[in-house]
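Number of protein chains: 2
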Amino acid sequence: MDWKVHKLKEGIYMITMTDKETRFFEALWEIPEGIQYNAYLLFTNDGSILFDTGPKGSRGFMEALSSVTDPKDVKALIVHHMEPDHSGYIRELLEVNPEIRVISHPISFRLMNSFYGITPSSKTEISDGMSMEVGGERLRFFLTPWLHWPETFVTFIEGVNALTTGDIFGAYSINGDFLKSSAGLSDQFYLWSMKKYFVNVIGAYRTHVVNAINKIKRLGIYPELILPAHGIAFYGRDSLERLLSIYENWASCSEKNEVVIVLTSMYGFTEEIAREVSAFLEEVPIKHRIFKFTSKGRDEFSEAIAAMQDAQGIIMISSTYENSPHPIIEYLADLMEKKLCRGKKLLLIGTYAWGGGSLATLTNSQTMAGFSISKIIPVNSMMTKSDRDNIREALREMFELTRF
Amino acid sequence: MDWKVHKLKEGIYMITMTDKETRFFEALWEIPEGIQYNAYLLFTNDGSILFDTGPKGSRGFMEALSSVTDPKDVKALIVHHMEPDHSGYIRELLEVNPEIRVISHPISFRLMNSFYGITPSSKTEISDGMSMEVGGERLRFFLTPWLHWPETFVTFIEGVNALTTGDIFGAYSINGDFLKSSAGLSDQFYLWSMKKYFVNVIGAYRTHVVNAINKIKRLGIYPELILPAHGIAFYGRDSLERLLSIYENWASCSEKNEVVIVLTSMYGFTEEIAREVSAFLEEVPIKHRIFKFTSKGRDEFSEAIAAMQDAQGIIMISSTYENSPHPIIEYLADLMEKKLCRGKKLLLIGTYAWGGGSLATLTNSQTMAGFSISKIIPVNSMMTKSDRDNIREALREMFELTRF
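Residue numbers (this note's numbering), protein chains in the order written: chain A, 18 to 421; chain B, 18 to 421.
Worth flagging that the hints you see were computed from the coordinates, not collected in a lab. Honestly, I wouldn't trust all of these hints.
In this list, chains with the same sequence are indistinguishable; a pair is considered to hold if it fits within one copy or across any two.
Pairs of lysine to aspartate or glutamate, EDC-like flavour, derived with a Cα cap of 16 angstroms [unchecked claim]:
1) LYS232 - ASP351
2) LYS273 - GLU142
3) LYS73 - GLU289
4) LYS313 - GLU288
5) LYS92 - ASP351
6) LYS92 - GLU116
7) LYS197 - ASP87
8) LYS73 - GLU288
9) LYS313 - GLU50
10) LYS362 - GLU116
11) LYS304 - GLU272
12) LYS234 - ASP145
13) LYS140 - GLU116
14) LYS313 - ASP36
15) LYS355 - GLU339
16) LYS313 - GLU38
17) LYS197 - ASP19
18) LYS234 - ASP36
19) LYS92 - GLU265
20) LYS355 - ASP87
Because the structure is a prediction, the values reported are computed rather than measured.
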């Protein structure tokens with residue numbers, strides 16, 4: 018993997034490894050934009066402190082580290098969570114320098130053993146709110162359990178006024194930029210990569226996100242540097258507040274934006290319906306995105322699920338497959354159930370040939386239990402005039418439109 | 018789409034359209050090998066009879082047909098089933114020549130209307146065993162319901178001694194060959210394409226396959242030509258018996274061949290386990306294939322499900338994802354439940370970090386109800402000596418090995 022080392026400010030460095038090989042993050046999410054893994058290195062008056070390492074199974078991290086310090090001079094390693102995309106070099110590091118004091122959550126030490134067979138000779142178990150001095154630098158640790166692993170915590174580095182956040186505020190994508198003001202975040206720049214990562218990877222734990230936000234807010238810290246384990250680092254004392262507020266929005270699903278239409282299509286009938294739905298939404302107008310999973314190709318599940326995050330409504334159009342919803346729609350429904358807010362408004366439209374309305378089985382199942390199904394409309398292959406009327410009526414109800 | 022017209026013997030032609038664009042057959046199955054759609058044209062002493070047409074949404078069929086006959090000279094159209102990959106040109110054909118007598122199952126005429134808004138002016142509803150003369154040619158129709166649509170039937174053409182079989186005996190792949198002896202079928206040649214198509218597309222209806230086989234056997238016909246709607250046509254009076262026996266084997270799952278190992282891997286732990294399993298099976302030796310769904314890439318679901326068809330055992334190795342089996346394993350389990358024989362032997366191995374053995378949830382669910390689970394083995398990330406022993410012991414039990 019390509020690596021780079023960036024100086025963030027006097028005494029603190031960012032070690033980035035860029036991954037263009039992973040096609041499916043978590044063996045699940047398409048990431049043509051790639052992903053980057055960040056570790057951080059703080060120089061103290063007695064050697065350095067390393068915050069996380071690089072991904073398991075990659076090459077280059079030790080070389081990157083050595084380009085900025087002798088690994089033998091690393092005095093302490095903070096392990097924010099044990100997910101192997103950040104803990105992959107602990108073993109190699111301890112082989113080179115067995116004296117390193119490993120500072121982490123008690124669960125991490127158990128996982129270090131079960132992942133890598135490691136028992137560090139010097140280990141310090143942190144607890145919530147704990148503060149300690151390492152090489153003259155004061156570190157404060159705050160547990161953020163289930164973001165997105167149980168042992169997750171963040172570290173406030175008082176001297177350089179920085180907060181390392183692990184996967185929190187991370188993103189997909191590989192950027193030329195490594196340090197930006199969070200004020201520059203926009204739908205056009207980077208925010209989508211952050212949101213996609215949030216929904217895909219952290220989405221299932223959104224109640225824990227709210228807890229963590231409230232906790233961090235109460236700390237009353239204003240770090241100048243926010244240092245996530247993926248993507249760009251942020252500067253500016255207002256960054257933490259801004260990032261927390263973005264996460265708060267996502268976690269609570271308070272936005273009600275673009276409608277998302279997803280469809281499977283074997284022979285084009287559902288695509289006809291999507292065109293009808295789209296035409297109606299354009300008349301209103303209501304912004305919408307369409308994700309297609311057809312015989313000709315597939316949009317990305319990672320994008321579709323991320324787009325659903327802030328959708329004011331989701332319209333699923335499925336062909337019937339052996340008397341059930343199409344397996345790809347069942348798969349999507351499973352991901353939606355895992356990752357999205359409860360109560361999201363759904364309209365289900367199912368085409369069928371000789372069977373009946375298969376989408377009812379989707380709603381009977383546990384899978385769709387968390388959603389607010391506004392209607393289920395069966396369509397016998399090609400839409401009739403009355404199907405079109407039903408669909409328009411359902412959309413009117415769904416979006417509480419009186420004018421249309 | 019590219020098309021070709023082949024003369025099979027005096028009076029009967031095969032019209033093939035080759036499809037290299039469809040990436041997912043049924044919006045589900047990866048088919049890099051492509052697929053071909055066949056229609057057949059029989060010349061009579063009063064115009065011609067067309068058996069099926071070409072795929073909905075394609076171009077070229079009318080041109081192909083016109084290259085061998087004036088569409089106005091087509092007197093009758095037999096529609097073996099209404100799936101749009103064969104019924105896509107009925108509308109265009111009837112526009113050019115509204116006089117065509119459409120001969121099909123009663124359900125087909127209902128579907129013609131709901132798919133394409135067509136009500137042929139001349140229609141003949143067939144029933145099981147019905148025989149009729151068209152242009153001096155005797156046709157006999159035999160219902161084969163649920164292979165794989167409810168209205169499916171086959172037609173025996175007495176004069177040329179041919180049996181058109183619709184999707185039955187169809188295959189994926191695009192071949193230079195169009196007519197072969199079924200005696201040449203082998204694992205190396207074409208049989209895998211047939212099996213893959215069978216399991217993917219017809220697998221869910223295997224009990225109906227057995228019924229159809231018994232019925233066709235009792236007819237006592239020995240067609241010289243077997244004319245499927247996909248892939249190669251076959252010649253030779255022994256072809257029907259040979260093909261029926263192949264289908265009988267597949268439908269009853271009487272073969273017990275290569276073991277199939279499937280795995281999802283986020284960080285490599287499950288791949289370690291697969292290597293261990295594979296090493297053990299090689300010692301015995303038991304032939305096996307491994308299908309991987311990892312962060313680096315995915316094997317094809319179409320191949321994996323087809324390989325499971327005749328496997329003497331299936332070993333699923335899943336990472337734990339948010340306290341459940343990995344979503345890709347859940348998706349695979351869903352396809353397996355839909356397509357494979359009941360009672361297939363399964364060994365489930367699930368890695369976990371901080372959660373427990375997630376694979377138990379897979380077996381509690383309806384999804385795995387049809388399988389014979391020989392054991393569930395949880396592994397805490399990296400295999401220990403005792404995990405290795407457990408896995409080997411489970412494999413010994415699964416394959417009733419006393420020597421190992």
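Q) When no copy is specified for LYS92 and GLU265, does a C-alpha distance of 16 angstroms or less occur within a copy, between copies, both, or neither? A) For LYS92 and GLU265, neither the intra-copy (36 angstroms) nor the inter-copy (69 angstroms) Cα distance is at most 16 angstroms.
Q. Is it within, between, both, or neither for LYS313 and GLU38, if the alpha carbons may be no more than 16 angstroms apart?
A. between (25 angstroms within a copy, 6 angstroms between copies)
Q) Are the CA atoms of LYS234 and ASP36 at most 16 angstroms apart within a copy, between copies, both, or neither? A) neither (33 angstroms within a copy, 58 angstroms between copies)
Q: Please work out whether the CA atoms of LYS304 and GLU272 approach to 16 angstroms or closer within one copy, between two copies, in both situations, or in neither?
A: within (14 angstroms within a copy, 54 angstroms between copies)
Q) Is it within, between, both, or neither for LYS140 and GLU116, if the alpha carbons may be no more than 16 angstroms apart? A) within (10 angstroms within a copy, 87 angstroms between copies)
Q) Is it within, between, both, or neither for LYS92 and GLU116, if the alpha carbons may be no more than 16 angstroms apart? A) Within. Shortest intra-copy distance 7 angstroms satisfies the 16 angstroms Cα cut-off; inter-copy 89 angstroms does not.
Q. Between copies, within a copy, both or neither: which fits LYS92 and ASP351 at Cα up to 16 angstroms?
A. Neither way: LYS92 and ASP351 sit 45 angstroms apart in one copy and 50 angstroms across, limit 16 angstroms.
Q. For the identical chains here, do LYS232 and ASP351 meet the 16 angstroms Cα criterion within one copy, between copies, both, or neither?
A. The answer is neither: 31 angstroms in one copy and 41 angstroms across copies each exceed 16 angstroms.
Q | Up to 16 angstroms CA-CA - GLU116 versus LYS362, copy category | A | neither (55 angstroms within a copy, 50 angstroms between copies)
(Q) Checking an output row: LYS234 and ASP145, CA cutoff 16 angstroms. Within, between, both or neither? (A) within (15 angstroms within a copy, 75 angstroms between copies)
Q | Identical-chain pair category, LYS313 with GLU288, by Cα at 16 angstroms | A | Within one copy only: 12 angstroms inside, 31 angstroms across.
Q | Up to 16 angstroms CA-CA - ASP87 versus LYS197, copy category | A | Classified as neither: same-chain Cα gap 28 angstroms, cross-chain 70 angstroms, threshold 16 angstroms.
Consistency with the previously given hints fails for numbers 1, 2, 5, 7, 10, 17, 18, 19, 20, ordered from lowest to highest.
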